[in-house]
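S.K.: Sequence:
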Amino acid sequence: MSRHTFTRDTGKPHTSGDTPVPRNNVKPLTDIPGWLASFPSLASITDTAWLEAVKAAKEFVLPPDTVVIREHQPCRDFLLVASGNVHIFKTAEDGREIMLYRTCHGEVCILTLGTLLEGTDYSANAITENEVHAVAIPAAHFHTAMAESNDFRAFILHDLSRRMRELMGLVGHVAFERLELRLACLLGQLYGQGNTTQIDITHEELARRLGSTRVVVSRLLKEFEHMRRVKLQRGRIELLSSESLAQLSKK
Numbered sequence: 001m002s003r004h005t006f007t008r009d010t011g012k013p014h015t016s017g018d019t020p021v022p023r024n025n026v027k028p029l030t031d032i033p034g035w036l037a038s039f040p041s042l043a044s045i046t047d048t049a050w051l052e053a054v055k056a057a058k059e060f061v062l063p064p065d066t067v068v069i070r071e072h073q074p075c076r077d078f079l080l081v082a083s084g085n086v087h088i089f090k091t092a093e094d095g096r097e098i099m100l101y102r103t104c105h106g107e108v109c110i111l112t113l114g115t116l117l118e119g120t121d122y123s124a125n126a127i128t129e130n131e132v133h134a135v136a137i138p139a140a141h142f143h144t145a146m147a148e149s150n151d152f153r154a155f156i157l158h159d160l161s162r163r164m165r166e167l168m169g170l171v172g173h174v175a176f177e178r179l180e181l182r183l184a185c186l187l188g189q190l191y192g193q194g195n196t197t198q199i200d201i202t203h204e205e206l207a208r209r210l211g212s213t214r215v216v217v218s219r220l221l222k223e224f225e226h227m228r229r230v231k232l233q234r235g236r237i238e239l240l241s242s243e244s245l246a247q248l249s250k251k
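Numbering (the working numbering), first residue to last: 1 to 251.
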């Protein structure tokens, strides 16, 4: 699958030592940006530092399979996803990938958050799963909002805590659960999200989300098909027995 690379003229990297954002005679927003509707908690914040960050924000639309972030690159902006899904993953030396989490509609990118707070380079990769409407807030405005806006800081800490719980759950799944069980759980989630009995996904994509290889996942799917749990097609998996899949995922 070909992947686009997203590049944007963002200027020089920012650090916590950047020149503070000037805040003279800042007035409340009269024209509320449309993207704020995806973030009700942020839309209600009236602190000066946050309002200036909103004014400095840049919006952009990315097509599917666009590389948004590459591991070891510097971070220049704080990213929010107004619509669409972004896939955040790590790649091993042997080429295997494991999905860490997804940033979806109305969520902030925790990867850019951690990178900005620590002043380090990106520690993972990010690719769009579908068309994504994203918002980038310059690092200098982000740092000012974190330092001076209590409501914005509370929002960030709450989201960071939620992501931490999700990552702890991921560690538990990878460390203690059999791959067969994890595959059944993932398929159940995908069927449930689409409220359908068919999902369009490749064996390679499933392997990437599970941190395994395509060969191993294909073998397990063949076993599921032999037990009449699913029916395999090219780029598609049809659910035949939700009860059997649910029973397996609970073992």
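Please note that a few of the clues may not be correct.
Label pairs and their calculated CB-CB ranges [stated by the list, open to error]:
| id | residue 1 | residue 2 | range |
| --- | --- | --- | --- |
| 1 | 162 | 56 | 17 to 27 Å |
| 2 | 236 | 121 | 35 to 45 Å |
| 3 | 154 | 242 | 39 to 49 Å |
| 4 | 47 | 96 | 13 to 23 Å |
Hint data in this document are derived by calculation from the structure and do not stem from the laboratory. No residue lacks a Cβ here, since even glycine has one placed at the ideal position from N, Cα and C.
S.K.: Confirm or reject each hint.
M.R.: So, going through the hints one by one against the coordinates:
1. For the pair residue 162 and residue 56, the supplied restraint of 17 to 27 Å holds, since their beta-carbon distance comes to about 26 Å.
2. For residue 236 paired with residue 121, a C-beta distance near 38 Å keeps the hint of 35 to 45 Å intact.
3. Between residue 154 and residue 242 the CB atoms are about 40 Å apart, so this pair conforms to the stated range of 39 to 49 Å.
4. Roughly 44 Å separates the CB atoms of residue 47 and residue 96, a value that falls outside the hinted 13 to 23 Å.
Figure legend: structure checked against the earlier numbered hints; the only hint not met is number 4.
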